[in-house]
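Peer 1: Sequence:
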Amino acid sequence: TGWDGRTLIDGCSGSVITRAMVSRLVWEHSPDGAEKRCVGVEYIDHVGEPRYVKASREIILAMGAVGTPQVLNLSGVGDPDYLRSLSIDPVISNQNVGQNLQDHLEFYVQYLCSKPVSLYPVATWRYPHLKALTGIEWFLRGTGLAASNHFDTGGFIRTRAGIRQPDFQFHFIPGCVVGQLDFLPHHGYQAHGGTMRPRSRGSIKLASKDPRDEPLIDPNFLAVEEDMEGMREGLRRTIEIMEQPALRDYYMDSRLSPAPDFNLDSDEDCDRWIRNSSHSAYHLSCTAAMGKVVDEHGRLYGASNVSVGIISLVCTIGIGSSGGRECHAVDDFGQSECSYLDDG
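With full-length UniProt numbering applied, the sequence shown covers 1 to 344.
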């Protein structure tokens, strides 16, 4: 998603195959117990035909925290009993593939705004011509509402005493999001809130041996009581901040979500609202963790020439956006990894 379209082509000979789906890695036959070598990649092209490309050196799986364990499992890397249950021949035994899934959970606290200072009506799909004009202004001048992603304000807090680092994050946005794709047709604003160090662990599993079947994602949110405690206290602090006197001139008396008559003092009511209203922040990570699935160079245990991309190999999800952290990690770890691959 961050490729500029030129770096690979300018830096080395190569090609980019678009509208393709990797189906599995192909392994060279070797004795049992010996380190495996990947000799190629099978993929499905844009018309659904199977294709094969030969690998002469290194295979780097950079398919995110969902796609990476999916392809590894399809390639026979994982829990042998689980793979056999899907009629996949085990190649490398590793029960940690697809385990340890971590993600940030978040909720929205929303208010109607008494002044016309939000993203409405530009942000809603109800007025596509305004969206188009805003996009044109940004494209031609680099100015206007489209010049920002509007997550300009945020912060971190500690939800309880005695912890070393902040464990809860806020984002503020001048609009009320409906679902994930639209905005409420009124002036409003909201705060996103969520814990940063969840203890709950989920998993990625195959739906079948067919690579076209979407994998089964189980985030297992709030399975650990400590996570719910953090979200509960974070909800209370979020509302406390959003209803400070400094914002009194901007918000109407009726809070949209949670409702104005919501009982913040009730743990049960808070927990119920959090379970019903929270969703993924799309920071899925850690499903091919270093020390469990890959070594310190990101190389797959049991294979001589397969490495894994950044976001899958971290052991514990970090504080803040995983996108920004991954960019720094790619720069730091990626350069050392490229040097390691060149030397290898």
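Honestly, the hints are just simulated from the structure, not real lab data.
From a predicted model like this one, the values you see are computed outputs, not experimental measurements.
The beta carbon of each residue, even a glycine, is placed where N, CA and C say it ideally should be.
Incorrect hints may have been included.
Said to hold, decoys possible - Calculated lysine-lysine pairs in the DSBU-like style (CA-CA distance at most 30 Å, straight line): (1) K115 - K131; (2) K292 - K209; (3) K205 - K292; (4) K131 - K292; (5) K292 - K54; (6) K205 - K54.
As the list claims (entries may be wrong) - If you anchor each label on the Cβ, the simulated ranges turn out as follows: (7) L216 - M252: 55 to 61 Å; (8) P166 - A223: 39 to 45 Å; (9) D182 - G144: 15 to 21 Å; (10) D81 - D267: 37 to 43 Å.
Peer 1: All the hints need checking, so say for each whether the structure fits it.
Peer 2: Now the hints, each set against the structure:
1. K115 - K131: It holds: about 21 Å lies between the C-alpha atoms, which stays within 30 Å.
2. K292 - K209: 23 Å, holds
3. K205 - K292: Roughly 17 Å between the alpha carbons, so the hint for K205 and K292 holds.
4. K131 - K292: Roughly 47 Å between the alpha carbons, so the hint for K131 and K292 is violated.
5. K292 - K54: The given pair, whose Cα atoms are some 28 Å apart, holds under the 30 Å limit.
6. K205 - K54: With Cα atoms ~27 Å apart, K205 and K54 stay inside 30 Å; holds.
7. L216 - M252: 55 to 61 Å: 43 Å, violated
8. P166 - A223: 39 to 45 Å: For A223 against P166, whose Cβ atoms are near 22 Å apart, the range 39 to 45 Å is violated.
9. D182 - G144: 15 to 21 Å: 20 Å, holds
10. D81 - D267: 37 to 43 Å: 41 Å, holds
Going through the hint list in order, the structure does not satisfy hints 4, 7, 8.
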